[in-house]
Amino acid sequence: MTQQAPDTGGSARTLTMARAGREAVIAEMRKDPNIFVIGEDVAKLGGVFGTTVGMAEEFGAGRVIDTPISETGFIGIATGAAMAGMRPIVEIAFVDFIGVCFNAIFNFAAKTHYMSGGQFKVPMTLMIGYGGGYNDAAQHSQCLVATLAHVPGIRIVTPADAYDAKGLMHSCLQDDNLTIWMVHKAIWGLGWLGTAIKTAMATVPEEPYAIPFGKARIWREGNDVTLVGYGITVHHALQAAEKLAAEGISAEVLDLRTIVPMDREAIMKSVRKTGRVVVADEDYMNCGVTAEVLATIAERDPRVLTAPAIRVANPDIPVPFSRPMENFALPDADKIVAAAKTTLQSSC
Amino acid sequence: MTDITVPQDLWDNDDEGVIFAWIYADGAVVEQGRLIAELTVEKAQLELIAPASGRLRILAPAETIVRKGTVIGRIEPL
Numbered sequence: 001m002t003q004q005a006p007d008t009g010g011s012a013r014t015l016t017m018a019r020a021g022r023e024a025v026i027a028e029m030r031k032d033p034n035i036f037v038i039g040e041d042v043a044k045l046g047g048v049f050g051t052t053v054g055m056a057e058e059f060g061a062g063r064v065i066d067t068p069i070s071e072t073g074f075i076g077i078a079t080g081a082a083m084a085g086m087r088p089i090v091e092i093a094f095v096d097f098i099g100v101c102f103n104a105i106f107n108f109a110a111k112t113h114y115m116s117g118g119q120f121k122v123p124m125t126l127m128i129g130y131g132g133g134y135n136d137a138a139q140h141s142q143c144l145v146a147t148l149a150h151v152p153g154i155r156i157v158t159p160a161d162a163y164d165a166k167g168l169m170h171s172c173l174q175d176d177n178l179t180i181w182m183v184h185k186a187i188w189g190l191g192w193l194g195t196a197i198k199t200a201m202a203t204v205p206e207e208p209y210a211i212p213f214g215k216a217r218i219w220r221e222g223n224d225v226t227l228v229g230y231g232i233t234v235h236h237a238l239q240a241a242e243k244l245a246a247e248g249i250s251a252e253v254l255d256l257r258t259i260v261p262m263d264r265e266a267i268m269k270s271v272r273k274t275g276r277v278v279v280a281d282e283d284y285m286n287c288g289v290t291a292e293v294l295a296t297i298a299e300r301d302p303r304v305l306t307a308p309a310i311r312v313a314n315p316d317i318p319v320p321f322s323r324p325m326e327n328f329a330l331p332d333a334d335k336i337v338a339a340a341k342t343t344l345q346s347s348c
Numbered sequence: 001m002t003d004i005t006v007p008q009d010l011w012d013n014d015d016e017g018v019i020f021a022w023i024y025a026d027g028a029v030v031e032q033g034r035l036i037a038e039l040t041v042e043k044a045q046l047e048l049i050a051p052a053s054g055r056l057r058i059l060a061p062a063e064t065i066v067r068k069g070t071v072i073g074r075i076e077p078l
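For the protein sequence lines, the chains are A and B, in the order given. Take the first sequence: its position 119, counting from 1, is numbered 119 in my numbering, and each next residue is one higher. Take the second sequence: its position 22, counting from 1, is numbered 22 in my numbering, and each next residue is one higher.
Since the hints were made in silico from the structure, they are not lab data. It cannot be assumed that every hint is accurate.
Unchecked claim - Some chain B residues near chain A, calculated using beta-carbon distances under 8 Å:
#, residue
1, W11
2, A21
3, I23
4, Y24
5, V29
6, V30
7, E38
8, T40
9, Q45
10, I49
11, A52
12, G54
Stated by the list, open to error - Lysine-lysine pairs mimicking DSS-like chemistry, simulated, CA-CA at most 25 Å apart:
#, chain 1, residue 1, chain 2, residue 2
13, A, K121, A, K243
14, A, K269, A, K243
15, A, K198, A, K243
16, B, K43, A, K198
17, A, K215, A, K198
18, A, K44, B, K43
Every residue, glycine too, gets a C-beta built ideally from N, C-alpha and C.
The following block holds chain A by itself, in its conformation from the complex (with noise of 0.2 Å):
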């Protein structure tokens, strides 16, 4: 399901989720100079998801620059040079390696604005690919959103289609805090990472448009059983409702969207309709974004569920490298049916 965009009077265009989030970047450098963009193959090849194509052409090698394999470095480039004054767009083409750049992330990027007494700005962009599901193992597959989410001071996105990546990519770089956009590896848009996921394209309009943080967004109604998830969970929900309709259960899907902050209002809004809820994810069960949307239910008003809620996550595991042990590991729509079924069956 798309949502409906704005009509521009040229023909509608269907993107990819890389080609939209290209084209709010592209709009924002061209407006303002302080934009930068700087990562591993982010010049020459245009990124290693088709983020940055064409635009070292249009820039030059002093706004879109390739490094050498060296996160710590350039995430430490980046961080001041947004204390500077610049605006850094930082392309971390695997969220496995985010490892190495805690330090400038967590205790410089997040609360430099803060422990300055609001002397200086870090207007850093991050912009991250991350999960898994095409057999890159272990540290390459990984989700990491609730480790990103834990720490104050950051914003984080995970658009689900074109459309909404081209809206909140345009919201991260005109924002004056820290800002991370991740997007899913497997709904990018890119033939060759596998089975593309079609829903993940959308129509979105030529001009500018921001959407704004600590949004979330239904994209279908229902009345039986809320379906929660962020990036690729949204897409898995979304068949598991077509599955479940067929047996005729009516399952509404919410994508958070905004990880931090969360719109904890539209899960409840959901909740109180439903009285039943999943939450998908595919980073790590323990500890994850699964548990702070329950939290938010548990201390806002636990007596509007009906029956326990249930998570689908990745199991607290390192991601196998064997196809079939990943495919039994990581959360798809099956799953979330059979989760959305017991919600069904038992009650509190």
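Given chain A, work out where chain B should sit, using these hints.
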């Protein structure tokens, strides 16, 4: 009327490619020089540009396997 042909110089070898997605729907009005489709070859995502302006007719839908020289659509005059 202009054929939309997979260009001979779009990629280096004689590998097959696949139409990943059409940017516009069948019947849409398109402009010469604009991106109208994305193709995937090996690990590369390639761009197909409209050779003329007019109404797009899609002959080969997304997921069709193509070779260089394959006619995948037409642009008809308005």
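Structure-based check of all given hints:
no.: 1; hint: W11; in the structure: violated, 13 Å
no.: 2; hint: A21; in the structure: holds, 6 Å
no.: 3; hint: I23; in the structure: holds, 5 Å
no.: 4; hint: Y24; in the structure: holds, 5 Å
no.: 5; hint: V29; in the structure: holds, 5 Å
no.: 6; hint: V30; in the structure: holds, 6 Å
no.: 7; hint: E38; in the structure: holds, 7 Å
no.: 8; hint: T40; in the structure: holds, 3 Å
no.: 9; hint: Q45; in the structure: holds, 5 Å
no.: 10; hint: I49; in the structure: violated, 12 Å
no.: 11; hint: A52; in the structure: violated, 15 Å
no.: 12; hint: G54; in the structure: violated, 11 Å
no.: 13; hint: K121(A) / K243(A); in the structure: violated, 48 Å
no.: 14; hint: K269(A) / K243(A); in the structure: holds, 24 Å
no.: 15; hint: K198(A) / K243(A); in the structure: holds, 18 Å
no.: 16; hint: K43(B) / K198(A); in the structure: holds, 18 Å
no.: 17; hint: K215(A) / K198(A); in the structure: holds, 23 Å
no.: 18; hint: K44(A) / K43(B); in the structure: holds, 15 Å
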